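One line per chain: the protein sequences are A and B, in this order.
Numbers 682 to 1053, taken from our numbering, label the letters of the first sequence in order.
Numbers 682 to 1053, taken from our numbering, label the letters of the second sequence in order.
Keep in mind that the hints were calculated from the coordinates and are not lab data.
Some hints here could point you the wrong way.
One copy or two, it doesn't matter: identical chains are merged, so the pair holds either way.
Heads up, simulated DSS-like pairs for lysine-lysine below, C-alpha to C-alpha not over 27 Å straight-line [to be verified]: (1) Lys989 - Lys711; (2) Lys1007 - Lys805; (3) Lys989 - Lys1026; (4) Lys892 - Lys717; (5) Lys1026 - Lys892; (6) Lys939 - Lys781; (7) Lys711 - Lys1007; (8) Lys891 - Lys711; (9) Lys1026 - Lys717; (10) Lys805 - Lys850; (11) Lys1009 - Lys892; (12) Lys711 - Lys800; (13) Lys892 - Lys800; (14) Lys717 - Lys989; (15) Lys891 - Lys805; (16) Lys892 - Lys805; (17) Lys891 - Lys781; (18) Lys781 - Lys892; (19) Lys989 - Lys939; (20) Lys939 - Lys1009; (21) Lys778 - Lys891; (22) Lys892 - Lys778; (23) Lys1007 - Lys891; (24) Lys717 - Lys800; (25) Lys778 - Lys805; (26) Lys1007 - Lys778.
Keep in mind it's a predicted model, so treat the numbers as computed, not measured.
There are 2 protein chains.
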Amino acid sequence: MGPGPSNVAPSVLEAMSRPLVGHLDPVFVKMMEEIKAMLRVVFQTQNEMTFPVSGTGSAGMEFCFVNLIEPGDEVIIGVNGVFGTRMTDVAERCGAKVIKVEAPWGRIIEANQIAEALKKCRPKLVALVHAETSTGALTPVEEISRLTHEAGALLVLDTVTSLGGCPVKIDEWNVDAVYSGTQKCLSCPPGLAPVSLSPRALEVARHRQKKVQSWYLDVNLLASYWGQERVYHHTAPITMNYALHEALRLTLAEGLEKRWQRHQSNHLALRDGLAALGLCLAAQAGHQLWQLNAVTVPQGVDEAAARKRLLTEFNIEIGAGLGPLKGKIWRVGLMGETSTRENAKTFLAALSQILNAPAVQTSPAVAAAQSR
Amino acid sequence: MGPGPSNVAPSVLEAMSRPLVGHLDPVFVKMMEEIKAMLRVVFQTQNEMTFPVSGTGSAGMEFCFVNLIEPGDEVIIGVNGVFGTRMTDVAERCGAKVIKVEAPWGRIIEANQIAEALKKCRPKLVALVHAETSTGALTPVEEISRLTHEAGALLVLDTVTSLGGCPVKIDEWNVDAVYSGTQKCLSCPPGLAPVSLSPRALEVARHRQKKVQSWYLDVNLLASYWGQERVYHHTAPITMNYALHEALRLTLAEGLEKRWQRHQSNHLALRDGLAALGLCLAAQAGHQLWQLNAVTVPQGVDEAAARKRLLTEFNIEIGAGLGPLKGKIWRVGLMGETSTRENAKTFLAALSQILNAPAVQTSPAVAAAQSR
């Protein structure tokens, strides 16, 4: 119940124990096509260039930036947590001039903030984290997308934690480049980064002045392997693709809408249970993630000690706060297979027991320091 | 029996079906330490900075170049096949001025060629492919290493196909940066790239003028995750690390020397069997890989048809030639778990049957064209 990896269905684990075939074997090539087709459904897109990058979610982030940015390009990046911050680092390493649009951690990036920024520059792209895993806030995309395209820019979206757990509609929202991870609401082990580029983004990547700085992530090379030509590029992680294939099959068998509802319903149950314990969620009201619940650590409670007891005594892993939220929140994941009513209840029962025990109460001195 | 992925031991497949833990879980952290320790033995190195990059072998190549090269640096690269060629592309994308030292595909890079090149430039590094998977040739490292260090340069070595299948001695050979893959002679599914940097290489990466152009592969960030601090960087591919841990355990349980001998002995058996069929190996005599046998396709035989029959009728996958060797060689892997006497014999029996059947004989016109 941490911020990912989430639990994995037995059939996904079983898929990984199948014997390996070669990365150009006809059986694997057929599987690649099925993965692409299923990813298009999950991303709600018709984009031909939809496939899993052979790395984790952060490699997906780097894939989007290295292919679209050339040195000197202006880019606007929404920063309201770890992953927006990471985007600025990645973009700067591509030679971008980054204009940050910031919000306090836990709050969303407002469309009017982007509108203001767009008045002051001519960016090649606007990049946004849909679901900030570090804070539990979900930034709405549609209005920002409209503003971005009015300004002639491309929209890049991080859906690492949102994909499969709440609505993600790439074509309807007119997103040009999107990346995700497998280990959150798709409930597949980490190791692949599903990505999708719109034809417009692909044109930008194809007509660059300068080669993409990463050979491994160059979409112009990857397109020949994941496209119809099957030109050898790198050896795809066969087993990880077996797992993703099965995880996508399960996702679509459940149905996207139903899966989103399940995540919403278990989130609401957790939220209500927390309220009954006198606890509240830290992210901006009305924009709280269903799949990642940032819980405000109550005054006088040792955050790390409580989290450690959950792991060692109750076998429940949750995440710590990062950056400015360190020590202030717990991050409780209800992602993919982990999003069950039973898990929500078990967690609430364990937390209740721990909070009522004296061991996690901090010393009066610490409590006093905290309250300052 | 292709050029990788090789077959995987049942216990490695089983390891991947174990439930996931978090990437900062104490159990996983302990496993990371064991993987690092076992990799040091396999690489024959004391290098602290020895760990698996979260991508396939080509990501390992990119890791070495992005961390060591800054724009404008001169580098010497030995090019005698696909992977040397790839190195030049990767290095150029890092802004390097590349001096190529070339040999015909199938031949090794001679030390005197490197000596000549070193007279004409002051390179930051010399890069070499130890075992060229595309040609079946093994380039000796020691003399080139001596020359490289005399010239004050770093030595970068590709051991994707050599590691675990023949002697690889990073400290004895004084190699500064080395990368490999998991899916060849370690017999683990593809998805991770074991790497190792000498303290000297690490110093170069630490004191760069400019940030590493890849955030995902920046050793200065990765060192904090794989080192003692455990600072969150990216979510490691947990399951792939389970697999690598078990594959390394099996490798060391067999014993490195014994494993090398097994590869040699099965290679010799295959070579003798091929000779009995009137076939010979294509790579330079005295430098033929034990783990990847490039077999010259005899005159009048349709290379692709024979390879397809091996797959469809005998369930044996082998690799085709690439680049200038396309249509001219078959690439027969005897790597890791796949390197058995039985596999060598089964392959020889199947090939013998196919070569004696009329179906794979090309038409007289094609045969005539081939002999021109």
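So, going through the hints one by one against the coordinates:
{"no.": "1", "hint": "Lys989 - Lys711", "result": "between (45 Å within a copy, 17 Å between copies)"}
{"no.": "2", "hint": "Lys1007 - Lys805", "result": "neither (34 Å within a copy, 42 Å between copies)"}
{"no.": "3", "hint": "Lys989 - Lys1026", "result": "within (19 Å within a copy, 56 Å between copies)"}
{"no.": "4", "hint": "Lys892 - Lys717", "result": "within (26 Å within a copy, 34 Å between copies)"}
{"no.": "5", "hint": "Lys1026 - Lys892", "result": "neither (52 Å within a copy, 46 Å between copies)"}
{"no.": "6", "hint": "Lys939 - Lys781", "result": "neither (36 Å within a copy, 57 Å between copies)"}
{"no.": "7", "hint": "Lys711 - Lys1007", "result": "between (45 Å within a copy, 24 Å between copies)"}
{"no.": "8", "hint": "Lys891 - Lys711", "result": "neither (34 Å within a copy, 43 Å between copies)"}
{"no.": "9", "hint": "Lys1026 - Lys717", "result": "neither (36 Å within a copy, 39 Å between copies)"}
{"no.": "10", "hint": "Lys805 - Lys850", "result": "within (22 Å within a copy, 48 Å between copies)"}
{"no.": "11", "hint": "Lys1009 - Lys892", "result": "neither (44 Å within a copy, 32 Å between copies)"}
{"no.": "12", "hint": "Lys711 - Lys800", "result": "neither (47 Å within a copy, 51 Å between copies)"}
{"no.": "13", "hint": "Lys892 - Lys800", "result": "neither (30 Å within a copy, 30 Å between copies)"}
{"no.": "14", "hint": "Lys717 - Lys989", "result": "between (40 Å within a copy, 26 Å between copies)"}
{"no.": "15", "hint": "Lys891 - Lys805", "result": "both (16 Å within a copy, 24 Å between copies)"}
{"no.": "16", "hint": "Lys892 - Lys805", "result": "both (17 Å within a copy, 22 Å between copies)"}
{"no.": "17", "hint": "Lys891 - Lys781", "result": "both (25 Å within a copy, 21 Å between copies)"}
{"no.": "18", "hint": "Lys781 - Lys892", "result": "both (26 Å within a copy, 20 Å between copies)"}
{"no.": "19", "hint": "Lys989 - Lys939", "result": "neither (34 Å within a copy, 44 Å between copies)"}
{"no.": "20", "hint": "Lys939 - Lys1009", "result": "neither (33 Å within a copy, 54 Å between copies)"}
{"no.": "21", "hint": "Lys778 - Lys891", "result": "both (17 Å within a copy, 16 Å between copies)"}
{"no.": "22", "hint": "Lys892 - Lys778", "result": "both (19 Å within a copy, 15 Å between copies)"}
{"no.": "23", "hint": "Lys1007 - Lys891", "result": "neither (41 Å within a copy, 30 Å between copies)"}
{"no.": "24", "hint": "Lys717 - Lys800", "result": "neither (38 Å within a copy, 51 Å between copies)"}
{"no.": "25", "hint": "Lys778 - Lys805", "result": "within (10 Å within a copy, 29 Å between copies)"}
{"no.": "26", "hint": "Lys1007 - Lys778", "result": "neither (29 Å within a copy, 45 Å between copies)"}
The structure fails to meet hints 2, 5, 6, 8, 9, 11, 12, 13, 19, 20, 23, 24 and 26 from the earlier list, while all remaining hints are met.
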